[in-house]
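Assemble the complex: chain A is given as a structure, and chain B with the ligand must be docked to it using the hints.
Line by line, the protein sequences give chains A and B. For the first sequence, the positions run 11 to 176 when the numbering used here is used. For the second sequence, the positions run -16 to 371 when the numbering used here is used.
These aren't lab readings, by the way, just hints derived from the structure by calculation.
Straight-line alpha carbon distances no greater than 20 angstroms define the calculated PhoX-like cross-link-like pairs of lysine-lysine that follow: (1) A:Lys33 with B:Lys298; (2) A:Lys33 with B:Lys361; (3) B:Lys149 with B:Lys177; (4) B:Lys368 with B:Lys287; (5) A:Lys33 with B:Lys287.
Partial selection, computed: residues in chain A whose CB lies under 8 angstroms from chain B: (6) Arg22; (7) Glu167; (8) Ile172.
Because the structure is a prediction, the values reported are computed rather than measured. Positions of the beta carbon are idealized from the N, C-alpha and C atoms, including for glycine.
Here's the letter readout for the chains.
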Amino acid sequence: MHLNEEELEVLRIIENNSRIDLKDLAKMTELSEADIEVTLKKLEDMRVIVRYLTVINWAKVDEYHGVTAMIDVKVTPKRGVGFDEVAKRIYRFKEVESVYLMSGAYDLSVIVEGRSMNEVASFVSEKLSTLDSVISTTTHFIMKKYKHDGTIFDQTEEDKRIVVSP
Amino acid sequence: MIKTSYVSRTIAELKPSGIRRFFDLAANLEGVVSLGVGEPDFVTSWAVREAAINSLEEGYTSYTANAGLFELRSEISKYMEKQFHVSYRPEDQIIVTVGASQALDITLRTILNPGEEVIVVEPCFVAYAPLVTMAGGIPVTVQTSKDDDFKLTPEQLEAAITPKTKAVLICSPNNPTGTQLEQAELVMLADIVKKHDLLVISDEIYAELAYDEVFTSFAAIDGMMERTIVINGFSKGFAMTGWRLGFVCAPKEISEAMLKLHQYAMMCAPTMAQHAALEALKHGMQDVEEMRRSYRRRRNYIVKSFNDIGLDCHKPGGAFYAFPSIEKTGMTSMEFAERLLKEELVAVVPGDVFGESGEGHIRCSYASSMEHLQEALKRMERFMKNHS
Ligand SMILES: Cc1ncc(COP(=O)(O)O)c(C=O)c1O
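So here's chain A without its partners, still in its complex pose:
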C-alpha cells in the first residue's frame, strides 16, 4: 500500500512520540488538526498504525519480577499453509511476546516472557516443544537490555553546547 509524503511524515514523528499534542503535530507537518485526525484514523483503519505502546525499563522497578527468553524454533512447514499455521499456534499463547519467521539456521524466533526462568522453561517443555510441527528449540535468556526498539535505556545525554554562539 502506498502512502503519501504527509502520511509518511506523520508516521515518522509519532513513531518516536505517540503522545505528541495534536496541535504541535499539525504545526510540524503544516497540516490542519482536522487533516491530522483523518490521517491517523485512516492509518489506524488500515492497521498501518497497529497500537500505541510505551517503552518501559522494567529493570528499574523493584516490584517487577520477570524474565525474557528468545527461543530459536525449528519446525516442519505444512503443505499449503507453510509456516503460517504453526506460527499461529505459537503466537496465540499469552506468554509469547513476538514471533518472527527467520532466514538461516532455524525457522521461527519466539520471544517469551514469564515471571521466572522456571515458568519459561515449563512453557517451552510443555507447550512449545510438544507441538507436532516443532522439531527442536534452543532457549536464550536475556540478561540485560541496553537498547530496545531504538531507545538506549541508560542514556541521559546533556546538551554540551555553549548557550549562545554565532
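Frame of chain A; chain B with the ligand shown alone:
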C-alpha cells in the same frame, strides 16, 4: 607608562562581536532556555565518531598532504558533483580546511590587494566584515530588507559596485535569516557579477539544510564556475562543528595560490577529523537526510507558533534559524533580547549584531529539542502578552 600599543591598529579597531556580550549575559543565569545556539543539536553520528577513534587506534596521527587526504578530496569531489552538479578536481581545486571559517580566511587573504573592496550582504554571519578587514580589504556592506525577504536584489548589488570591488560574499541559506536564494535569483546576480568581472565567494555551509527548494550552488550557474569560490564544510549538515573541518573549491589558479597560504599558515587540517569526514561522506548521507527532516519539522513548528503569538515571521527556506520581527513591541532588538532573557530566561540573539538591517528582528535557532522549543514558546507567549 606604556606609550606604544603592542596590538596592531587593525586588530585594536575591530569591534568585538555582539554575540560575545550576549553570551556573557546568558551564561551567568540558571534555567535559561536557549534559542541562541548557532550549531546543530545532534551529536555527530556514532559511525563517524567511531571512524575517528579507529583512525587513532591505527596510528594516523601525522600530518596529511597540505590540501588534505587525497581520498577525502576525492570524496568531496564526488559529493560536490552528486549533490550540486559542479565538478572540481581533487588534485588541484579542493583544499580541506579548519572549518568554513579558515576557508573564508584564506580565500579573502588570497584574493585581496590592500584597499580592494568586498561586498558583504547583511544581515550575515558576524565574521565576514572582520575577516575582510583583516585580509587588508574593505568590507562594503549592503543592507537587504525584510520586504525582499532579506534577499540581495540585482539593483542593490549594482549600486554597491565601485572600481575597487573585487568580490561579493554571499551566504545562502543564510545565517541569521534562513533565507535561501532561488536559482533564478542567482542567475540575475550572476549577470551583474560577470558584467563587472567580479568574483563570488559563496558560503554554502548550510547547503544540506534546504527544506523547500532544491539548493543551487552559485558555481552551478552558467559561466560562474570560473569566478566562484565555494565555501562548504561538515559543521552544519553533518553535525560536526567541534571537529573543525571544512573545505573550499575554486578555480585552479586561485586554489593553487590559496594552497601556498594554507601550507604556511596551517600545514593541514586535523588528521583525525579528516578521517571522520571521510566516513561521513561515504556512509553518512542517510543521517544528513534524517537531520534535515527533523529541522524542517521544527522550522514549521516554530514559524507557525511565532506568528500565532504575534511575532511576524517569514518562513525561511533553510539553515536552522527563524528571524521574526519584533518591531510591533516598540523595542529595539537589543532591548527585546535583554528583557526576554531577564524576564523569561529565554536566550535569543538580537538581529542588529548581524548588521544594521537586522535591527527590529531577533535570531532564534530551532536547533533544539521539541521540548525546549515548546518551553521557549510558552515563555515568549507570556512575554508578548506582558508587552503588548
Ligand atoms: C554562515 C556561516 N559561515 C561559516 C560558519 C563557520 O563554520 P565552521 O564551523 O565550518 O567554521 C558559520 C558558523 O556558524 C556560519 O553560520
